[in-house]
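Trainee: Sequence:
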Amino acid sequence: MEPHKFSFKRICSGRRLQAFASIIAALNAVSDGMHIGWSSPIIPRLLSPSSPIPVTREDVPWLENSYMVGVLVAVIPLAYLSDQIGRKMTILVACVIQLSAWVLFIFATTPTALIIARLLAGIGGQVNYITTPVYVTEISDKGIRGRLGSIVFIMGPIGILTVYALGAYTATINTYIFGAALVVIILLIFPMMPESPYYLLLKDKKEEARTQLMRLRSVENVDEEIDDMIIVACGVDMSIKRFISIFTAKGNLKALIITMVLNASNNFSGFIVLMMNMETIFSELTANISASTFGVLIAVVVIISSLIGASLLDCLGRRMLLILSCFLTSAFLMFIAIYLTAKGNGWDLTHFSWVPIVAIVGHGVTQKGGIGLIPILLSAEIFPRNLTAMGCAFGSMLYSVSGIASLLIYQYANAYIGVNAPFYIFGAYMLFAGTFCVFMVPETKKKSLHETQELCNQKVPME
Numbered sequence: 020m021e022p023h024k025f026s027f028k029r030i031c032s033g034r035r036l037q038a039f040a041s042i043i044a045a046l047n048a049v050s051d052g053m054h055i056g057w058s059s060p061i062i063p064r065l066l067s068p069s070s071p072i073p074v075t076r077e078d079v080p081w082l083e084n085s086y087m088v089g090v091l092v093a094v095i096p097l098a099y100l101s102d103q104i105g106r107k108m109t110i111l112v113a114c115v116i117q118l119s120a121w122v123l124f125i126f127a128t129t130p131t132a133l134i135i136a137r138l139l140a141g142i143g144g145q146v147n148y149i150t151t152p153v154y155v156t157e158i159s160d161k162g163i164r165g166r167l168g169s170i171v172f173i174m175g176p177i178g179i180l181t182v183y184a185l186g187a188y189t190a191t192i193n194t195y196i197f198g199a200a201l202v203v204i205i206l207l208i209f210p211m212m213p214e215s216p217y218y219l220l221l222k223d224k225k226e227e228a229r230t231q232l233m234r235l236r237s238v239e240n241v242d243e244e245i246d247d248m249i250i251v252a253c254g255v256d257m258s259i260k261r262f263i264s265i266f267t268a269k270g271n272l273k274a275l276i277i278t279m280v281l282n283a284s285n286n287f288s289g290f291i292v293l294m295m296n297m298e299t300i301f302s303e304l305t306a307n308i309s310a311s312t313f314g315v316l317i318a319v320v321v322i323i324s325s326l327i328g329a330s331l332l333d334c335l336g337r338r339m340l341l342i343l344s345c346f347l348t349s350a351f352l353m354f355i356a357i358y359l360t361a362k363g364n365g366w367d368l369t370h371f372s373w374v375p376i377v378a379i380v381g382h383g384v385t386q387k388g389g390i391g392l393i394p395i396l397l398s399a400e401i402f403p404r405n406l407t408a409m410g411c412a413f414g415s416m417l418y419s420v421s422g423i424a425s426l427l428i429y430q431y432a433n434a435y436i437g438v439n440a441p442f443y444i445f446g447a448y449m450l451f452a453g454t455f456c457v458f459m460v461p462e463t464k465k466k467s468l469h470e471t472q473e474l475c476n477q478k479v480p481m482e
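So the mapping is simple: my numbering equals the position in the sequence shown, first residue as 1, plus 19.
Because the hints were derived from the structure by calculation, they are not lab data. This one's a predicted model, so the numbers in the text were calculated from it and none came from an experiment. Take these hints with a grain of salt, some might be off.
Dumping the calculated BS3-like pairs for lysine-lysine here, alpha-carbon to alpha-carbon at most 27 Å [what the hints assert, rightly or not]:
id, residue 1, residue 2
1, K225, K362
2, K224, K161
3, K161, K225
With the hints as constraints, model all of the structure from the sequences given.
Mentor: Written out as structure tokens, the structure reads:
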């Protein structure tokens, strides 16, 4: 008997290939997470007298907001590229932009260079909110789609932990070199991964789509699934009518509203504010442990919460996790706000110094276990295939705008009202978001993409 020859395609096929391709694509989110958390450990170093780059406090808002501006700038180009050159090639283009950001960080000598690097980081990182979730959703079978779709949102917190740890305990340049090396790994491996069969069908490449699907499913007969994909992906109007239909068709409009509200909730939950200003905010709350050590601790908590949330997606469901996450996150934000109010009024809180620690940890658990995990995944599920990239682009646009708004709310409310004010605002918004989820968000667990799109034409059952 002739021995079996080693074959990469044989070893890496089926669900193993789906998982591997999803992980490699999502590694870009580790790089992006490092950029999100960058300001917390790095800006205090840049403001110190020993900093090699002359950064002032007036530069700080630019350094923080330039990342979110980059995210906003990239929305339309990435959505366009996803439908024109493919999900896979768009991810690779974004990785090249991410790499350029890290290289610029390494050689930067002025605040302007840092701001440009942050802008490029936002542009390259936006792919994790538009193209990567669509790619992962479209290559995954429905039994594991929720778990694989959540990988990109687990990788983000891993990136935050990485920059917190490297930023706190090693030279700043080591952070930049690590980020650049990570992106190089993606650029070397991801070209070998399959393209989305849905995208290939949209481009009328049926045989190539069939070949890729056979590899992704590790079976020879994929006729039934291909036929279902054709119903969803083909025979659609790719003209201006497609754009208009997102506002005029009842199901599409509902999907758009859900996408935009949930994406805004991700930032108005206070997550981006806390991650970018963890050391500053924590020093306001308590002095029991060092801010840098607590930053690493909260990043670990966020990763664990993401893993738990991902494991519950396909059993407890998206809708229930969202509802619980929104209401509990609101409660923890209110605890933080009330504690800061009491501290600002001169109350003796010696015996309650544990409250902010529990509140921030609780916030990390409930936010990343639901509202920080699900919105983009849900967006990639509920739109028709020819509107997915566009729908995710609208959601991502609001994500970007809400990110900038949340940072401005924190910066100005903190300066002119008090550090407690932003947390009252964020807590109130999350109360609204939880109520919205109860009445508007459908359950999509273990449903085909064709079935999930039909849900937006139905009334949400009050289970």
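Trainee: Does each hint fit the structure? Answer for all of them.
Mentor: Each hint, compared with the structure:
1. K225 <-> K362: Outside the cut-off at roughly 64 Å; violated.
2. K224 <-> K161: Distance of about 23 Å is within 27 Å: holds.
3. K161 <-> K225: OK: K161 and K225 at ~21 Å, within 27 Å.
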